[in-house]
Amino acid sequence: MNFKKIILPILSLALTPFFFSCEDVIDLSVKDGVEQLVVDAWLTDENSVQTIKLTLSQPYFDNSPVKPALGATVIVFEEDSTAHTFTDKNNDGNYSFTPVKGSFLKLGKRHALYIKYKNEEYYSISTLPRVPKIDSLTYEEFRLPIAPENGKPRDGFLAQFYAKDPVGEGDTYWVKSKKNGKERNLPSQISVAYDAGFSPGSKSDGLLFILPVRQSINGGFDDIFYDKDTINVELRSISNEAFYFLLQVRQESSNGGIFGTPPANIPTNIFTLNSSSKNKALGFFAVSSVSKFETIVDKSKAKPKQ
Amino acid sequence: MKKQTGKFFIFLLFISFAATSQEKFTLSGYVKDVSNGEGLIGVTVYNPETKLGTQTNVYGFYSITLPSGSYNFSLSYIGYKPLSRKIDLNTNLVVNFELSEEGKTLNEVVITAKKEDDNVRNLEMSVNKVEMKTIRKMPALLGEVDVIRSIQFLPGVSSVGEGASGFNVRGGAIDQNLVLMDEAPVYNSSHLFGFFSVFNPDVVKDVKLIKGGIPATYGGRVSSILDVRMKEGNSKKAEFTGGLGTIFSRFAYERPFVKDKGSFIVALRRSYIDLLAKPFLNSDLKGSKFYFYDFTAKANYKIDNKNTVFLSGYFGRDVFGADFGFNWGNATTTFRWNHVFNDKLFLNTTVFYSNYDYSLDSDTKNENDQDSFEWKSNIVNYSIKPDFNYYINTKNTLSFGGQVIYYSFNPGKATAVSGGESQTIGLDGKYAVESAVYVGNEQKINEKVSLSYGLRYSDYHYLGKGNAVILDESGKPGERKSVKDVKTYGKGENIQTYGNLEPRFALNVGLNNSSSLKLSYNRLAQYIHLLSNTTASSPLDVWTPSSNNIKPQLSDQVALGYFKNFADNEYESSVEVYYKSLQNQIDYVRNADLLLNPYVEADLLSGQGRAYGAEFYIKKNKGVFNGWISYTLARTERKVEGLNNFEWFPSRIDKLHNLSAVLIYDPGKKWSFSGNFSFASGTPASFPTNKFEWQGVALPHNYYDERNNYRIPASHRLDLSATRKNKHALFGKGESEWVFSVYNIYNRRNPFSVYVRQNEDNPAITEAIRYSVFASVLPAVTYNFKF
Chain B
1 MNFKKIILPI LSLALTPFFF SCEDVIDLSV KDGVEQLVVD AWLTDENSVQ
51 TIKLTLSQPY FDNSPVKPAL GATVIVFEED STAHTFTDKN NDGNYSFTPV
101 KGSFLKLGKR HALYIKYKNE EYYSISTLPR VPKIDSLTYE EFRLPIAPEN
151 GKPRDGFLAQ FYAKDPVGEG DTYWVKSKKN GKERNLPSQI SVAYDAGFSP
201 GSKSDGLLFI LPVRQSINGG FDDIFYDKDT INVELRSISN EAFYFLLQVR
251 QESSNGGIFG TPPANIPTNI FTLNSSSKNK ALGFFAVSSV SKFETIVDKS
301 KAKPKQ
Chain W
307 MKKQTGKFFI FLLFISFAAT SQEKFTLSGY VKDVSNGEGL IGVTVYNPET
357 KLGTQTNVYG FYSITLPSGS YNFSLSYIGY KPLSRKIDLN TNLVVNFELS
407 EEGKTLNEVV ITAKKEDDNV RNLEMSVNKV EMKTIRKMPA LLGEVDVIRS
457 IQFLPGVSSV GEGASGFNVR GGAIDQNLVL MDEAPVYNSS HLFGFFSVFN
507 PDVVKDVKLI KGGIPATYGG RVSSILDVRM KEGNSKKAEF TGGLGTIFSR
557 FAYERPFVKD KGSFIVALRR SYIDLLAKPF LNSDLKGSKF YFYDFTAKAN
607 YKIDNKNTVF LSGYFGRDVF GADFGFNWGN ATTTFRWNHV FNDKLFLNTT
657 VFYSNYDYSL DSDTKNENDQ DSFEWKSNIV NYSIKPDFNY YINTKNTLSF
707 GGQVIYYSFN PGKATAVSGG ESQTIGLDGK YAVESAVYVG NEQKINEKVS
757 LSYGLRYSDY HYLGKGNAVI LDESGKPGER KSVKDVKTYG KGENIQTYGN
807 LEPRFALNVG LNNSSSLKLS YNRLAQYIHL LSNTTASSPL DVWTPSSNNI
857 KPQLSDQVAL GYFKNFADNE YESSVEVYYK SLQNQIDYVR NADLLLNPYV
907 EADLLSGQGR AYGAEFYIKK NKGVFNGWIS YTLARTERKV EGLNNFEWFP
957 SRIDKLHNLS AVLIYDPGKK WSFSGNFSFA SGTPASFPTN KFEWQGVALP
1007 HNYYDERNNY RIPASHRLDL SATRKNKHAL FGKGESEWVF SVYNIYNRRN
1057 PFSVYVRQNE DNPAITEAIR YSVFASVLPA VTYNFKF
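Protein chains in written order, with my numbering: chain B, 1 to 306; chain W, 307 to 1093.
Fair warning: there could be bad hints in the mix.
Derived DSS-like pairs: lysine-lysine, alpha-carbon spacing no greater than 30 Å straight-line [unchecked claim]:
(1) B:Lys203 with W:Lys439
(2) W:Lys1092 with B:Lys305
(3) W:Lys857 with B:Lys305
(4) W:Lys1092 with W:Lys439
(5) W:Lys595 with B:Lys152
Here are some chain B residues the structure puts well away from chain W; computed CB gaps all over 12 Å [as the list claims (entries may be wrong)]:
(6) Glu78
(7) Lys179
(8) Leu211
(9) Ser275
(10) Ile296
Because the hints were derived from the structure by calculation, they are not lab data.
On a predicted model such as this, the values are computed, not experimentally measured, just so you know.
Even glycine gets a Cβ: it sits at the ideal position worked out from N, Cα and C.
Could you put the whole structure together from the sequences, leaning on the hints where they help?
This is the structure we're talking about:
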C-alpha cells in the first residue's frame, strides 16, 4: 500500500542521523539472463504524435546505452480492424504514428498491438477506459519542514487538483504532473489511483479523489511550487492491469533498506502469438483517455496557510 | 478429540494415586532472595542421601514429598550461596527459605559447596537462561542494557540484521516467538524500530528462552517461548535504582507497602535524544518529535500463607512526528493469583489484557482540518489462564490447566477527511477465540532416567462479526487470487474452526555424574500471524487471525542433545541437533499489498518450511573470567507453490554460520571488563539479472524469476565495555557504576541489506547498494546507581 511506501522511507531517513547508518555503492555479480524484446507502448486518445519504443533488455549492471530494436513491424488495430502502422522514421527504435482527429482509439473498445521482430510475432490487447474531467486546481501556502537541498526557498505552495471518480467500481488512473513543462518522471513519483482511493475494496468509488491522491502532483519534500510556476496535471485512465504495472514499477524502483520487500518481476501484457515460443517480451501496452488542467501559480490567489 | 485428552488426564492421575501408598510427608514453601524478598525461579531443593529433589516454580514455590525421616536439604541456585538445612520430616511442613547472592567478594565465589550440574540433570533442553547480572555485564549498544539484544548471543538465535526488530529462533520468523511479559504476550517487542527492546532491565527478574522441548503449559507460537518475569518489588526495604545513558534514562523505585505482606516496583524509561537535539534544531524542526518511553509497574500482596496476588502492567510508546504524527506501542496488564490448596497442589490463575496499536495522522496540530488523514490499527486480547502444579510425589510432578484468549483485531482503519467530508477507508474488525487445555507430567523413572510428557489440545474459532472472503483457488499458483465471494457473518457467529492436538515429550538419560543425553519432541500450533514481507519487521505490520483461507501454522520439532560439565561444573557444555518441520507457513505473492487491503488473504501463499541445525555451546560459570562461546550451523528453507519452481529455497532469515562469544572479566574489584564478538553468514537476497527501459527508466527484471538468488556478505563485530564501580552513589549512599562501552570497535560496515536501485540523478543507470545500520564505532557512557 502506498502509505507504507511513503512513510517508511521517511522514517528510515529520520533514523539516519541518529543511528549512524550508511549506504554505499558496491560491486555485485549476478548471473545474467537472456536478452529480450522490450515494448514501451503507452498511447493516448489525443491528437498528437503517438510513439511506441522498442528496445532490448541488458544485464542489470551493464550501464552502456540501451540498444534499440530495429526493423520491426508495428501496427495498432482498432476493434473494427482499422490498422494504424507505426514507423521508425529515425531508425532509433521509436516507432511513431500521427493520428487524424477522432480516428484513433475509441472509448470502451478494444485495441490490439501487433509487433513482428526477428521472425517472432507479438501481440497485446487493451481497452480504452473513461476518464473524469478535472474540475479545478488550487494551491495553498506551504512551508517545507526542512530547507530543500537545491537551495530553493522553503516557502512555496502545495497544489491539489479536484476531480471526481465516476460511479462504478474499478476505474484506475495514472496522475501525471509537470512543473514548468518538466515532467516528474522519477519512478518513485508515480501516482496511481483505484477509484478515488489507493486500492481495490477501499470503498472510495464515485467520490472526490482522496487528499493524498489530489496532492500527489507535488514533487515531495524538496520540490514544491513557487509563484509563477506553471502546473500541468494530466489524469489518464488506465486499465487495471496497467495500474498494477505502474504500482510495481514504483515499488521495484524504491525498494531497499530496512523495509525492503522481496523484489518481484514487473508484469507484462505483451505475448508471443506462438504461445510456446521462448522469445518472451517485456514491457507494456496501454491506451488511455486523458483529462488535462493547467494553471500558473499566482500568490495572490493562494489559499493561506492553515 | 477432547475425550482423548480427558482419558489421558485420568490415566495420569491414576499413575499418581497408585504411587502414593506408604506414609509420607510433604515439605513445601517458597524460596526467596534474602536481600529483597523476590521469589527465586528454578532453585534446586535437593536431598543428597536419597538423591531426590525438586525445583521451585516461576513463583518460587516448591514441594517435595518423602517418607518420614530426617533429611539434609541443600538449596542451590546459580549466582547464590548454597544453603543446607537439616529438617525432620514427620509431619507436613511449610518451610520458606531465603538465599543470598554470592560474589560480593572474590573469596566467596570460590566457596561453592554444591555442584551446579542442573543443566545436565534436569529435563530441559534447548533452553537458555540468561542471568540479568550477566546481561548487565555484557557490552551493550550505546550503553543500553537490553534483554533481546543479549539473547541474540545464544545458540540458535539470530536476527535478520543489526538493529532489526525481534529475533529468530531456530529458523523461525519473529512472529513465531511467544514473547511473554509476566505471562501477557507482547506483540511488538521493540522500541525505535528494533534498536532496543521493550523490557526495562531494571525490572526484569528472569529471562528464559525455550527453543525446543516446549512443555505443554505453553502454546500459541510455533518456534519459541521467551518468558520474561518481572521483579516483584523489594519486600525488605525501599530502593531506588536507575541509570543515565546516552539514549535514555531509567528510574525504578521499589519498596514494601505492608510489612512482610506486600511490595511494589515502578519503573520508567524515556529516551531523550530529541530533547538533547532540540537546542540545535532550527525553529521549524522544534515541533518534531522522536522519542519513546515506557512505564512498568508491579505490586504483590500476600493475603495469607495460601494466597498471594500480583498485579503488573506495562505501557510503552514510540512517538515520531513533525507535521504528521506516528506512534505505536504495547500495553499489558496482568493480574495473578497464587493459591496453595495444600502442600502439594499449587494454582496460579492469570488474567491478562494485552494491546498493541499504532496510529498515523496527517496533521497532529490541526484538530479541525478540512483535509486530514488518520490511520489506526490494533490487536487487543483478553485472557484467563489457570495453571496447576500438583506435586504428586518425588517421582511425579503433574501440571495441568488451560487458557482462553479472546482476540479483537483492527487490521487498519483509515479516515480521510476530504473537503470537510469524512470517508473511512478501512477494514472491518476481526475476532477470534483461542483456547487450550493441557496436562503434563514430569516423571523420574530412576536415578538415571527422567522424562516428561504432555498433551495440549488447542481449539480456535474465527468469529463474526466479519466477512469471510471466498477465494478462487483455481488460478495460477503464486499469483494474486481472485475473490469469488464475500460472506458476511453476524456478531459471534462461527466462521471457521480449527483444533490441534499438540503432544510434547522430553527424555533425559544420565550417562554419568557429569553428562547426559536428552531427547525431545514437540508439536505446536499457531493461530495468529504477523503479516510482514519487509526485510525487517516494521511497526506497521499487522497481526491477522487464522481464517477460512489462512490455516494455523504447525511445527514439529525433534531435538537431541548431549550435555556435559567439566572441572567440577566450572564449565558446562552442550551439543544439540534439531530438525523442525513447519506447515502452513505464510508467504506472499509478488508485490503483495498487505496494508489496508480488505482482500489481503488473496495475496498470501501457504507453504512448507524446514529448519535444521547443530548448536554448540560452552559456558564458564564461575571465576574471575566467565562467559560463553556458541556456534550454530543451521539451515532454514521454504517450499511454496508458485515460488522458485516449487523447490526448496533458503528463507529470508537463513544464516549458515553463527558464532558468538561473550567474555567477562570481573576480579571483584573496582574495574571489570567484558567483550562480545559475533560472526554470522549473510542472509539471502533477491536481485534482478537484467534490466529494461520504460519511459527512460531502467526497470529490474529477474529472468529466472527466483527469490533469494544471492547472499549478502557476512557480518562480524566486536564490542567492549569497562565498568567502574563506586562505593557510594548519590548523597553518599548506595552504590553506583560508570559503564564505558564501545560498539563495533573495529568499525566494520556490516551489511543489513544489499539492494539495487536506479541512480538518483539518472534513472537509466543502475547500481547495487550496501545498507549498514551501524556504520561506525559507537562509544557510549552510562551511569547506573542504586540506593
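These are the hints, each one checked on the structure:
| no. | hint | verdict |
| --- | --- | --- |
| 1 | B:Lys203 with W:Lys439 | violated (55 Å) |
| 2 | W:Lys1092 with B:Lys305 | violated (52 Å) |
| 3 | W:Lys857 with B:Lys305 | violated (51 Å) |
| 4 | W:Lys1092 with W:Lys439 | holds (14 Å) |
| 5 | W:Lys595 with B:Lys152 | holds (25 Å) |
| 6 | Glu78 | holds (25 Å) |
| 7 | Lys179 | holds (17 Å) |
| 8 | Leu211 | violated (5 Å) |
| 9 | Ser275 | holds (14 Å) |
| 10 | Ile296 | holds (23 Å) |
When the structure is compared with the earlier hints, violations turn up for hints 1, 2, 3, 8 and for no others.
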